[in-house]
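S.K.: One letter stands for each residue in the lines below.
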Amino acid sequence: MGGVRVLVVTRKGAFILSSDGKREKWDVSGPHFAGWEIYHMKGSSVDPNRIYASQTSGWFGQVIQRSDDGGKTWFQPGTPAGEQTTPDGAPKGESNKFVYDASPETGKPLTTHQWYDGTQHPWEFKRVWHIEPSLVEADTVYAGVEDAALFRSGDGGKSWQELSGLRGHGTGPAWQPGAGGMCLHTVILDPSDPKRIYIAISAAGAFRTDDGGATWKPINKGLHSLYIPNPTAEVGHCVHHVAMNPKRSNVLFMQKHWDVMRSDNSGDSWTEVSGNLPTDFGFVVDVHSHEPETVYVVPIKSDSEHYVPEGKLRVYRSKTGGNEWEALTKGLPQQNCYVNILRDAMAVDTLDKCGIYFGTSGGQVYASNDSGDSWSPIVHDLPGVLSVEVQTLK
Amino acid sequence: MIRVVLPQHLRTLAHVGMEVQVDVAGNVTLRSIIDALEADYPMLKGTIRDHVTLERRPFLRFFACGEDLSLESPDSPVPEAVVSGAEPFLVIGAIAGG
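Quick note, the sequences are listed as chains A and B, same order. Under this note's numbering, the residue at position 90 of the first sequence is numbered 90, and the numbers go up by one with no gaps. Under this note's numbering, the residue at position 15 of the second sequence is numbered 15, and the numbers go up by one with no gaps.
In short, the hints are calculated from the structure, not lab data. Keep in mind the model is a prediction, meaning the values are calculated, not measured. Hints should not be assumed to be uniformly reliable.
Calculated lysine to aspartate or glutamate pairs in the EDC-like style (CA-CA distance at most 20 angstroms, straight line) [claimed, not checked]:
{"no.": "1", "chain 1": "A", "residue 1": "Lys158", "chain 2": "A", "residue 2": "Glu137"}
{"no.": "2", "chain 1": "A", "residue 1": "Lys158", "chain 2": "B", "residue 2": "Glu38"}
{"no.": "3", "chain 1": "A", "residue 1": "Lys158", "chain 2": "B", "residue 2": "Asp40"}
{"no.": "4", "chain 1": "A", "residue 1": "Lys72", "chain 2": "A", "residue 2": "Asp139"}
{"no.": "5", "chain 1": "A", "residue 1": "Lys126", "chain 2": "B", "residue 2": "Glu55"}
{"no.": "6", "chain 1": "A", "residue 1": "Lys394", "chain 2": "A", "residue 2": "Asp68"}
{"no.": "7", "chain 1": "A", "residue 1": "Lys97", "chain 2": "B", "residue 2": "Glu55"}
{"no.": "8", "chain 1": "A", "residue 1": "Lys97", "chain 2": "B", "residue 2": "Asp35"}
Quick list of the computed label-pair ranges, beta carbon to beta carbon [stated by the list, open to error]:
{"no.": "9", "chain 1": "A", "residue 1": "Gly181", "chain 2": "B", "residue 2": "Ser73", "range": "25 to 33 angstroms"}
{"no.": "10", "chain 1": "A", "residue 1": "Gly181", "chain 2": "B", "residue 2": "Arg31", "range": "25 to 33 angstroms"}
{"no.": "11", "chain 1": "A", "residue 1": "Asp373", "chain 2": "B", "residue 2": "His15", "range": "40 to 48 angstroms"}
{"no.": "12", "chain 1": "A", "residue 1": "Lys22", "chain 2": "B", "residue 2": "Phe63", "range": "49 to 57 angstroms"}
{"no.": "13", "chain 1": "A", "residue 1": "Glu293", "chain 2": "B", "residue 2": "Arg31", "range": "58 to 66 angstroms"}
{"no.": "14", "chain 1": "A", "residue 1": "Asp211", "chain 2": "B", "residue 2": "Gly66", "range": "55 to 63 angstroms"}
{"no.": "15", "chain 1": "B", "residue 1": "Leu71", "chain 2": "A", "residue 2": "Gly154", "range": "34 to 42 angstroms"}
{"no.": "16", "chain 1": "A", "residue 1": "Gly331", "chain 2": "B", "residue 2": "Glu55", "range": "46 to 54 angstroms"}
{"no.": "17", "chain 1": "A", "residue 1": "Thr106", "chain 2": "B", "residue 2": "Leu54", "range": "22 to 30 angstroms"}
A few chain B residues that don't get close to chain A, going by computed Cβ distances all over 10 angstroms [unchecked claim]:
{"no.": "18", "residue": "Arg3"}
{"no.": "19", "residue": "Val5"}
{"no.": "20", "residue": "Thr29"}
{"no.": "21", "residue": "Gly66"}
{"no.": "22", "residue": "Ser70"}
{"no.": "23", "residue": "Ser73"}
{"no.": "24", "residue": "Pro79"}
{"no.": "25", "residue": "Glu87"}
For each residue, glycine too, the CB sits at the ideal point set by N, CA and C.
Model the full structure from these sequences, guided by the hints.
M.R.: The following block contains the structure:
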């Protein structure tokens with residue numbers, strides 16, 4: 001029987017929750033990077049002991065951290081922990097350097113995007129929102145950043161190069177920041193096609209590359225957003241998250257600002273599947289590991305009230321690929337609960353009975369070891385949770 | 001030898017105590033102190049000043065001898081007491097709640 005490692009990052013540090021395959025008793029380690037805001041942490045499927053973390057701060061900027069021992073120890077790639085470096089022969093400390101590629105040879109000019117007031121504003125790097133390790137190489141890893149762009153490292157995070165075809169897409173001047181900033185928050189690698197990558201940006205929409213990141217196309221046909229001047233525009237939609245079952249990579253599910261959507265053709269077109277949800281605003285969406293038509297969302301009251309409706313924390317599950325949803329409440333608070341669940345804060349494991357995990361703005365991490373039928377808190381007093389990922393260990 | 005006092009989070013990042021000492025060749029200025037600090041502790045690159053513009057991060061300030069040096073030119077000389085090692089050069093994070 002395997003085990004799981006749940007990677008939880010919060011506004012004040014990171015935590016690693018470990019259990020055996022029963023997922024009933026948990027060991028908690030942390031806080032790692034105590035006091036720092038950690039936006040995302042994700043392990044490599046090629047080498048599960050390889051974990052990357054995005055440590056970010058309004059004071060000190062962006063720091064990339066890496067562990068090669070399953071999260072026991074951490075270092076900045078290229079600058080090993082505790083190493084007293086010197087000017088000659090020293091590690092370079094370049095792992096934190098995210099510079100938009102505007103070079104004549106490979107880059108796109110550093111143009112402008114739409115600002116909150118409708119004026120144009122230059123691209124400015126702020127932080128890494130999402131780290132996505134390659135499915136085939138432990139040293140290859142992608143980073144989705146704010147202001148929206150996709151970076152790639154081929155040396156385990158020591159250095160980063162922008163895939164500038166995305167930022168340089170002709171629609172760039174129409175992209176605009178959502179309330180959380182103009183972030184590239186979702187990166188999905190297609191296991192059946194190594195050159196296909198999906199990304200999503202708030203608020204530009206979803207994009208796909210079929211050539212390894214050189215060129216990109218917006219995949220927002222069918223999205224309808226009343227809050228933008230042209231509700232069916234090619235770009236400008238506030239996509240909150242996209243999820244895919246790796247075994248059926250042409251089917252995508254999306255939680256948009258409002259609306260839960262589904263695509264059966266790799267994002268070429270979308271249809272709404274919000275169905276009987278109490279509200280179709282939300283952030284997270286995920287898909288069962290073994291049942292590609294079983295989907296999970298957590299409805300949030302509205303874009304003005306970022307908490308669950310009626311004071312009840314309810315995960316909604318559809319076993320029909322959307323439209324028909326059932327509330328999952330067993331083990332979840334059903335009164336006086338006003339938490340939010342952010343876009344990267346839900347994950348699924350791949351054990352026989354699929355485990356589902358999510359973290360809340362109130363610092364709780366809930367787990368289900370029976371596909372959502374019942375839930376229990378692993379921890380309930382962490383700082384506000386920003387993201388949750390899970391590794392299924394052999 | 002220039003004494004530099006770092007805020008807590010940068011001490012953790014650099015695996016050092018509150019104060020480090022760096023050698024600065026030539027004129028001792030804000031820029032040359034940070035250059036020397038980053039050369040000895042490259043994990044601090046990008047944390048005190050921006051990687052590209054080399055501008056001080058807005059929530060950090062530079063102090064020495066009771067003076068706020070943050071708005072001085074990066075090439076301005078620092079007080080003699082810092083050069084002699086009598087007083088430290090302080091990197092201070094803005095105080096903010098949360």
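S.K.: Take the hints in turn and mark each one as holding or not.
M.R.: Hint-by-hint comparison with the structure:
1. A:Lys158 with A:Glu137: Between Lys158 of chain A and Glu137 of chain A the Cα gap is close to 15 angstroms, so the pair holds against 20 angstroms.
2. A:Lys158 with B:Glu38: Given that 20 angstroms is the threshold and the Cα spacing comes to 16 angstroms, the pair holds.
3. A:Lys158 with B:Asp40: Since the Cα atoms of Lys158 of chain A and Asp40 of chain B sit roughly 18 angstroms apart, the hinted pair holds (cutoff 20 angstroms).
4. A:Lys72 with A:Asp139: Roughly 19 angstroms between the alpha carbons, so the hint for Lys72 of chain A and Asp139 of chain A holds.
5. A:Lys126 with B:Glu55: holds, 14 angstroms
6. A:Lys394 with A:Asp68: holds, 17 angstroms
7. A:Lys97 with B:Glu55: holds, 14 angstroms
8. A:Lys97 with B:Asp35: Holds, at about 16 angstroms.
9. A:Gly181 with B:Ser73: 25 to 33 angstroms: holds, 32 angstroms
10. A:Gly181 with B:Arg31: 25 to 33 angstroms: Given about 30 angstroms between the Cβ atoms, the range holds.
11. A:Asp373 with B:His15: 40 to 48 angstroms: At 46 angstroms between Cβs, range holds.
12. A:Lys22 with B:Phe63: 49 to 57 angstroms: holds, 55 angstroms
13. A:Glu293 with B:Arg31: 58 to 66 angstroms: holds, 60 angstroms
14. A:Asp211 with B:Gly66: 55 to 63 angstroms: holds, 59 angstroms
15. B:Leu71 with A:Gly154: 34 to 42 angstroms: holds, 41 angstroms
16. A:Gly331 with B:Glu55: 46 to 54 angstroms: Holds, at about 50 angstroms.
17. A:Thr106 with B:Leu54: 22 to 30 angstroms: Since Thr106 of chain A and Leu54 of chain B have Cβ atoms about 24 angstroms apart, the given range 22 to 30 angstroms holds.
18. Arg3: holds, 17 angstroms
19. Val5: Given that every Cβ of chain A is farther than 10 angstroms from that of Val5 of chain B, nearest at about 15 angstroms, it holds.
20. Thr29: holds, 18 angstroms
21. Gly66: holds, 22 angstroms
22. Ser70: The claim holds: Ser70 of chain B sits with its nearest Cβ about 14 angstroms from chain A, beyond 10 angstroms.
23. Ser73: holds, 22 angstroms
24. Pro79: holds, 25 angstroms
25. Glu87: holds, 24 angstroms
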